[in-house]
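Chemist: Taken in sequence, the protein lines are chains A and B. Counting along the first sequence from 1, when you hit position 11 you're at 36 in this note's numbering, and nothing is skipped either side. Counting along the second sequence from 1, when you hit position 121 you're at 225 in this note's numbering, and nothing is skipped either side.
Any given hint could turn out to be false.
What the hints assert, rightly or not - Dumping the calculated DSSO-like pairs for lysine-lysine here, alpha-carbon to alpha-carbon at most 27 angstroms:
{"hint": "1", "chain 1": "A", "residue 1": "K43", "chain 2": "A", "residue 2": "K96"}
{"hint": "2", "chain 1": "A", "residue 1": "K47", "chain 2": "A", "residue 2": "K96"}
{"hint": "3", "chain 1": "A", "residue 1": "K81", "chain 2": "A", "residue 2": "K95"}
{"hint": "4", "chain 1": "B", "residue 1": "K238", "chain 2": "B", "residue 2": "K213"}
{"hint": "5", "chain 1": "A", "residue 1": "K43", "chain 2": "B", "residue 2": "K203"}
{"hint": "6", "chain 1": "B", "residue 1": "K203", "chain 2": "B", "residue 2": "K238"}
{"hint": "7", "chain 1": "A", "residue 1": "K95", "chain 2": "A", "residue 2": "K43"}
{"hint": "8", "chain 1": "B", "residue 1": "K123", "chain 2": "A", "residue 2": "K43"}
{"hint": "9", "chain 1": "B", "residue 1": "K238", "chain 2": "A", "residue 2": "K47"}
Quick caveat, the hints were computed from the structure, so don't treat them as lab data. Note that this is a predicted model, so its numbers are computed, not measured.
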Amino acid sequence: MKKSDDSCSRVAAAMGAKIDIKGPPQALYLVIGAGHIESSIVRAGGQVQMRFTENKLLAILTYDGFLFMKKDPMVVRIGPVNLDMERLKKMSHILSKAVAPSPGAA
Amino acid sequence: MAGVGQELLAVPLPEMVMKLGLGVAEAQRALDENSVETASMLADTTVPLVLAVTQTIAADGSVSFVNADPVDVSLLQIGLMPTFYQFAEATIEVTMDIKTTSSRETNIKVSAKAKVGFGCFSASVSVDVSHNRKFGKTVHGTSRLVTRMVPVPPPPRIFPELTVVDNRPSTDTPENEE
Chain A
26 MKKSDDSCSR
36 VAAAMGAKID
46 IKGPPQALYL
56 VIGAGHIESS
66 IVRAGGQVQM
76 RFTENKLLAI
86 LTYDGFLFMK
96 KDPMVVRIGP
106 VNLDMERLKK
116 MSHILSKAVA
126 PSPGAA
Chain B
105 MAGVGQELLA
115 VPLPEMVMKL
125 GLGVAEAQRA
135 LDENSVETAS
145 MLADTTVPLV
155 LAVTQTIAAD
165 GSVSFVNADP
175 VDVSLLQIGL
185 MPTFYQFAEA
195 TIEVTMDIKT
205 TSSRETNIKV
215 SAKAKVGFGC
225 FSASVSVDVS
235 HNRKFGKTVH
245 GTSRLVTRMV
255 PVPPPPRIFP
265 ELTVVDNRPS
275 TDTPENEE
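When you get a sec, could you build the whole thing from the sequences and use the hints?
Modeler: Pasting the structure below:
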């Protein structure tokens with residue numbers, strides 16, 4: 026996998042500038058691919074956390090891994106996400122009350 | 105010759121600050137657009153969730169479980185949020201290394217000529233002095249731009265508030281939740 030230093034633009038290279046990007050050590054990303062992309066994530070040093078469909082999943086990647094994935098032609102879209110536990114709890118609380126089956130319904 | 109102070113004044117600092125500001129603004133817009141697109145993907149992706157399981161213990165002690173019907177909810181609804189970043193700091197560092205040299209060179213050329221002939225003698229001495237003063241200047245400059253980004257909470261209105269109005273007839277106290 027390439028380092029982030031190699032992500033310098035052509036303009037930066039022409040100016041002799043060095044661009045160094047330090048991102049968060051690891052973060053959660055939503056990845057949407059054109060097809061099966063799990064192998065790309067593994068190649069980028071990432072881990073699949075949740076698979077929604079074959080080409081849509083949540084993965085943990087380093088920042089270098091994220092930059093690597095952005096250049097992958099199989100990746101349609103990739104963006105950082107985070108889980109808001111407060112909203113999850115609130116949603117779960119509201120919906121569970123609305124859809125809970127009555128006892129003895131089985 | 106321009107002095108060191110003049111060289112420092114020649115540094116286009118206002119232009120650098122302006123370009124850095126414009127660059128930060130452009131990068132911020134690109135970051136926001138990326139986060140909004142991610143939010144759109146999260147809203148479009150739904151997953152079936154079983155939000156309730158009812159455990160029933162019968163009179164004979166047997167236990168049964170009933171899952172509620174799965175509900176399709178978007179990833180955004182269950183609290184998966186796009187990460188928004190914001191530029192928190194931008195720094196410009198300009199370092200200049202100016203070296204000036206001055207040297208004075210003096211060349212003296214002396215030539216003498218004498219001639220002896222029949223009954224005559226002639227001699228001449230010529231001195232040619234030239235002064236040459238040389239100036240040299242070497243300027244090395246480096247600039248460093250540092251920006252720092254921090255994650256910030258998403259806009260408060262990005263999440264659609266869910267309101268449940270339960271109109272089922274019940275003998276118990278009707279419960280409307282928000």
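Chemist: Please write out, lowest number first, the hints stated earlier that are contradicted by the structure.
Modeler: When the structure is compared with the hints, only number 9 turns out to be violated.
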